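The task is simple: from the sequences and hints, build the whole structure.
There are 2 protein chains.
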Amino acid sequence: MTTFNFCAGPAMLPTEVMQQAQRQLCDYNDLGVSVMELSHRSAEFTQVAEEAEQNLRDLMRIPDNYAVLFMHGGARGQFSAIPLNLLKTGGKALYIESGQWSVAAAKEAAKFGDVDVRDIRIGKGDIDLSLFGDTSGYDYVHYCPNETVDGVAIYDIPSCNSPLVADMSSCILGRDIDVSKFGLIYAGAQKNVGPAGLTLVIVRRDLIGQQHTATPAILNYQLAQDNDSMYNTPPTFAWYLAGEVFKWVKGLGGVAQMEQRNQSKAQALYQFIDDSSFYRNEVNPSFRSEMNVTFQLHDAELNQRFLAEAESQGLLALKGHRMVGGMRASIYNAMPMAGIAALIDFMDKFAQSHQ
Amino acid sequence: MTTFNFCAGPAMLPTEVMQQAQRQLCDYNDLGVSVMELSHRSAEFTQVAEEAEQNLRDLMRIPDNYAVLFMHGGARGQFSAIPLNLLKTGGKALYIESGQWSVAAAKEAAKFGDVDVRDIRIGKGDIDLSLFGDTSGYDYVHYCPNETVDGVAIYDIPSCNSPLVADMSSCILGRDIDVSKFGLIYAGAQKNVGPAGLTLVIVRRDLIGQQHTATPAILNYQLAQDNDSMYNTPPTFAWYLAGEVFKWVKGLGGVAQMEQRNQSKAQALYQFIDDSSFYRNEVNPSFRSEMNVTFQLHDAELNQRFLAEAESQGLLALKGHRMVGGMRASIYNAMPMAGIAALIDFMDKFAQSHQ
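These protein sequences, in sequence, are chains Z and E. Residue numbering for the first sequence follows UniProt numbering, beginning at 1 and increasing consecutively. Residue numbering for the second sequence follows UniProt numbering, beginning at 1 and increasing consecutively.
Hints listed in this document are in silico derivations from the structure and should not be mistaken for laboratory results. Being a predicted model, the structure only gives us computed values, none of them experimental. For glycine and all other residues, C-beta sits at the position ideal for the given N, C-alpha and C.
Each pair of labels, with its calculated beta carbon distance range:
(1) Z:277 / E:226: 41 to 49 Å
(2) Z:230 / E:114: 24 to 32 Å
(3) Z:230 / E:304: 20 to 28 Å
(4) E:353 / Z:61: 53 to 61 Å
(5) E:222 / Z:355: 44 to 52 Å
(6) E:114 / Z:129: 46 to 54 Å
(7) Z:129 / E:64: 49 to 57 Å
(8) E:16 / Z:250: 33 to 41 Å
This is the structure in structure tokens:
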């Protein structure tokens, strides 16, 4: 039975990447050791690290005036690092709230300085981008273009009069974007990039260097930049796997190709849900996430049966986040169209037998 | 050719553990997915996590009044976390300096509060434990029982009148110790535990809860304890591998057995060095590390040739740290006696042909 893993994160990785990692696990490039047993300062790992960065730069067309940092600590680490590095004495940041993660980011930032918060949610599954309001005069403006829990996405890059900071944990490399419109982009790896424990930070270099005195070294952008993300031992295996994922995306044609794939996948699933009276998605179609498709059964009593039968068919981890309930199919870059087809087929049969 | 990897870290992992990880990499326990593709909140990963903790508790006989935390960020993350969590307003910490890492820890701590420093080094490769001095009245006293760079170790647990904090990154599970003598023990995983990116923290529960307001969430012991180290997504694959290493240590007879192995390995290597006029180790025999054996060639001009010939014989990563020079053989738990024998055999032949 083919298994399809719809976990929101840690999420499935591309099958080809995992198979390659398995072949190389005990003997990387005939060195007789695993890549995770190499010194991070060895010539061999330096090549892994540099290739990964270059491939990410190529894929996202990252301008030279942006640093690419490979950091510890997940996106939550960046919830702290961003104010510690970007929020100046006497300055202020603006946090736009559009779902669970942007709310959490704002709460963490308030520990480190002065923060304004604007909630742009209007009722269930809807947002109003005009509520970004006046974005002038802030050290930065933070938002989350894809809310994993809520299945809500913002596709148009907001015009912003202060450096724009985006939590792209669950959408990086999913769509082609213009990096130069951002001050900083960050992403926990465990959705579209690699295993948990690695975080990507893409930051305009002129924003680096204003960190608070009491910034923990592992969260200090200046130190990370000056030491090629090796001020301390980085999570080397995660970095290697991220590099393999970047090669895989390149091999499939790059981000524009991923974007097409992702749109086809999401459209097929949303279309099926919209055409059904058994399932429903409650997000305004303009803001539906291509990465995390939330849906409810018409009868919530059937939820457990749906999950159990799905699992018996090899369709895993479809349970919605506990704060939203219902179901969620996370269909990141690594999910093939065959997974969507299998899910739709199962959902259709389940609906017919429980209508 | 059998390869032996003497890297100081990321270090070799037990061969049996790596082979098992390779078999399971794409299909963990017949689930059809990798352990790194499982939700950290799934029943399957919860079992991995709980078993790892229980096995570590068994191996180290960790009392119930100690929390075991699995954290992001390496030991350097803890350099910040320890003062942020343990250093009270108006309080003071004492840092004992015995080598590169304890010096770095003290420097980082001073960002977050008031720190006294005592350097106990007396000349090259020697320390004086009486220089710990009066340890009363501190929020904690920090030291590093095994200095990876310098090859200097402190085996007797210092008697201390304040909570004793130990950086055991390069010696945890290497010797049997009495955890109850410590307030906090921490260790980056990449030497004796698992891959880089995971850090173990063993902390007496009554020391938790005094964290500064501006403590980044990922470094907050209270949050880590209250959320079973899952306040944010932990580095799940590293956690799993650490659990496999714990099982491996148990299978070999536990920490007491590792300690015997380690003593035999280190004694054999130091004995060979001491008997040789070609090599020398400059550390006071009472403080020689069993984990990191530093040595110099009588003629430093031969260093490059030594390293190249060693590598051609499958003896990898013997170059000493750039701050010390010469050679260093890191022989953590995973290094078998056969690796020591192969190293001594090579060193002997090299000496004979270059005498």
